[in-house]
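**Student:** Make a model of the complete structure from these sequences and hints.
Quick mapping for you: the protein sequence lines, in order, are chains D and G. Under numbering that gives the first Met the number 0, the residue at position 128 of the first sequence is numbered 127, and the numbers go up by one with no gaps. Under numbering that gives the first Met the number 0, the residue at position 15 of the second sequence is numbered 14, and the numbers go up by one with no gaps.
Don't read these hints as lab results, they were simulated from the structure. Hints may contain errors.
[As the list claims (entries may be wrong)] Straight-line distance between alpha carbons at most 27 Å, and here's what the computed DSSO-like set of lysine-lysine pairs gives: (1) D:137 - D:148; (2) G:204 - D:148; (3) D:179 - D:153; (4) D:137 - G:305; (5) D:153 - G:204; (6) G:305 - D:179; (7) G:305 - D:148; (8) D:174 - D:227.
[To be verified] Taking CB as the label site, the calculated pair distances span: (9) G:203 - D:109: 20 to 28 Å; (10) D:213 - G:209: 22 to 30 Å; (11) D:152 - G:209: 14 to 22 Å.
[What the hints assert, rightly or not] Covered stretches of chain D, as calculated for chain G (at least 3 residues, CB under 8 Å): (12) 85-94; (13) 116-127; (14) 132-143; (15) 186-198.
Built from N, CA and C at the ideal position, the CB exists for glycine as well.
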Amino acid sequence: MSELHDPNAPQATSDLSNTGRMDVSAVLDEGRASVPDSIREVVFNLDDVHIFYGDFEAVSDVTMQIGKNEITAFIGPSGCGKSTLLRSFNRMNDLIPGARVEGLLAYHGFNIYAPEVDPIEVRRRIGMVFQKPNVFPKSIYENVAYGPKVNGMKVNMDDLVEDCLTRAALWDEVKDDLKKSAYALSGGQQQRLVIARCIAVKPEVILMDEPCASLDPIATAKIEDLMKELAADYTIVIVTHNMQQAARVSDRTAFFTADVDAKGVRHGRLVEYGPTRSIFTAPNEPRTEDYISGRFG
Amino acid sequence: MSGQSASSVAGGLNPLRQTKPRYGEAVIRGVLTLAAAVSLFTTFGIVISVLIPSLEFFAEISILEFLFTTTWTPLFANPQYGVLPLITGTLVITVIAVLVAIPLGLGSAIYLSEYASPGARKVLKPTLEVLAGIPTVVFGFFALEFITQYVLKPIFPSIQVFNALSAGLVMGIMIIPTIASLSEDAMAAVPSGLRDGAYALGATKRQTALRVVVPAALSGIVAAFVLGISRAIGETMIVTIAAGLQPNMTLNPLQGMQTMTSYIAAAGSGDVPTGSIEYKSIFAVGLLLFAITFVMNMISIRLVRKYRQAYQ
Ligand SMILES: Nc1ncnc2c1ncn2[C@@H]1O[C@H](COP(=O)(O)OP(=O)(O)O)[C@@H](O)[C@H]1O
Ligand SMILES: [Mg+2]
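**Tutor:** Here's what the structure looks like:
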């Protein structure tokens, strides 16, 4: 601890850490900074969650809650289990042979890993946006209509498509090209199309796993604005390796890291979780401080 | 530095000159050119050797008579050369084969790619490909001795010993591995992100497979179908053994039929005098077969390109 805050540390390092911290706290979203310390309405309740791939425990002992209509950011170094944890929220891990969740992961008080739960129902309520924009090889219109169709939703499809594309801030750019292949869109447009496709099935939660990782800064800014708008109606959990992004968009931030056990195996664990402002300006854990100030990770 | 090299050029020996001869390069280049030339000349040779006797044939028999009359009796005293019975024979048997092979082949591919566990796939795919290695003469006797005798005869007592149905069914079985294996390759190449995207919207496995993976792999699947159909049209042994050698202008699959290929095989191995009109008819039928397969391939290239454009 004292060593990490040594004022006599080499000049270059302390410069770097200072700028790192200054930048991040400077971009904190003022509106979102007022989030109360305790969560008002709990959507997810995780109690002692462990996630395994076969015998390998990728995520160890996570206890946390996710608040309704909040944007929660997961940050931490690569390989610490952020994606693994996120994918357990809508049972996407079920698709990986050997993946298994232990502990309680409750959605509005219902354990989503209870035997009677249908993973398809879970995924309909809890949508997901991935790192690479995975539009389907179909028209723009068909991409948005796919989810409502497979879920048998009785809706006016034209209206729904327009509504979702409008909410995803894409309508004006594509309204004359709805029949065109989605592959003709740019990466940023494709990612907004994926978001439109996701909200078309009317989920309550949107999970986003590094949604801007393959986008340029302008496209990233658009997605971030969109997330803040969507947070009025949806609960959003976003994994990001970009701390500035976490600071810009989120209400709460969870910092994860990977601990090495006696056998040399790395297990992801939750180090610190709290309102984004306190995580970035006054972290309790020295490891959080080190990470956000750019000293490791 | 530049002054130095300029002076050594002036002095006669360029330091950048090639000092070691590279014989290996020349040899490889020669061998590869030869290999390309052999296949080119073979194709050319085949076309010429089919084309010349065909042209001689059409000098004696009009193309209209050949293509649009319905009696094929080249070995009779009063021969007639209407090729339509051979075309309908080929068509009926190919359609039966395709009706068997496309659903079963595509079904196997979807099962292997989307449903089977990795362990099951490891066993099943090679097993399926063994089917492709069975000699067609074995399939032919299987059709004649087993399918006709023990499967079709009890259902259709009026069926002839030689019939199009058994040949078509067995030919369908024969091309299942081609269609299944190539379709499975195309589906396995679909990025897993697309499947994740569908599942994340609450799609079931079936909806993911049929509405996302299959459309995404469509160009490869269509290519697999066309290759399978081309194999069916060109297949000779099964039809020769199981469908008989009677040209028969009918669409009734319970009767015997002759196809273009089985006519070529039968007439070519019989004692037809070289240079006679019967002899030249073999080549005329061969040319027609070649033209049909060529058109099929052109269609498939078009289809593949169309889906590529739509999806990329
Ligand atoms: N499908 C999988 N099978 C086995 N191990 C995996 C799988 N996916 C991720 N892991 C492992 O789990 C750990 C956490 O990975 P991940 O959740 O992707 O981390 P992050 O998203 O934080 O970078 C890593 O050690 C990774 O190698
Ligand atoms: Mg990740």
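**Student:** All hints, please: hold or fail.
**Tutor:** For each hint, the structure was consulted:
With a C-alpha separation of about 14 Å, the suggested pair residue 137 of chain D and residue 148 of chain D falls inside the 27 Å cut-off, and the hint holds. Proposed proximity of residue 204 of chain G and residue 148 of chain D is supported: the alpha carbons are some 15 Å apart, at most 27 Å. Restraint check: the Cα-Cα separation between residue 179 of chain D and residue 153 of chain D comes to about 25 Å, which is no more than 27 Å; the hinted pair holds. Only pairs whose Cα atoms come within 27 Å are accepted, and residue 137 of chain D paired with residue 305 of chain G is accepted, the gap being roughly 13 Å.
Of the pairs offered as hints, the one joining residue 153 of chain D and residue 204 of chain G holds, with about 21 Å between alpha carbons and a cut-off of 27 Å not exceeded. Straight-line distance between C-alpha atoms of residue 305 of chain G and residue 179 of chain D comes to about 14 Å, which keeps the hinted pair within the 27 Å bound. For the given pair, residue 305 of chain G sits about 26 Å from residue 148 of chain D by alpha-carbon distance, which is consistent with the 27 Å threshold. At roughly 23 Å between alpha-carbon atoms, residue 174 of chain D and residue 227 of chain D fall within 27 Å of each other, so this suggested pair holds.
Between residue 203 of chain G and residue 109 of chain D the beta carbons are some 21 Å apart, a value that agrees with the proposed interval 20 to 28 Å. Under the hint 22 to 30 Å, the C-beta atoms of residue 213 of chain D and residue 209 of chain G, about 28 Å apart, fit the expected range. For residue 152 of chain D and residue 209 of chain G, the hinted distance range of 14 to 22 Å is satisfied, since their beta carbons lie about 19 Å from each other. With 3 residues carrying a beta carbon less than 8 Å from a beta carbon of chain G, the stretch 85-94 of chain D meets the three-residue requirement, and the given coverage holds.
Closer than 8 Å: that is the beta-carbon criterion, and the stretch 116-127 of chain D has 6 residues meeting it against chain G, so the requirement of 3 holds. For the stretch 132-143 of chain D, the stated coverage by chain G holds: 5 residues have a C-beta nearer than 8 Å to a C-beta of that chain, and at least 3 were required. Counting residues of the stretch 186-198 of chain D whose CB lies closer than 8 Å to any CB of chain G gives 3, so the stated coverage by that chain holds, three being the minimum.
Hint compliance for this structure: every hint is met.
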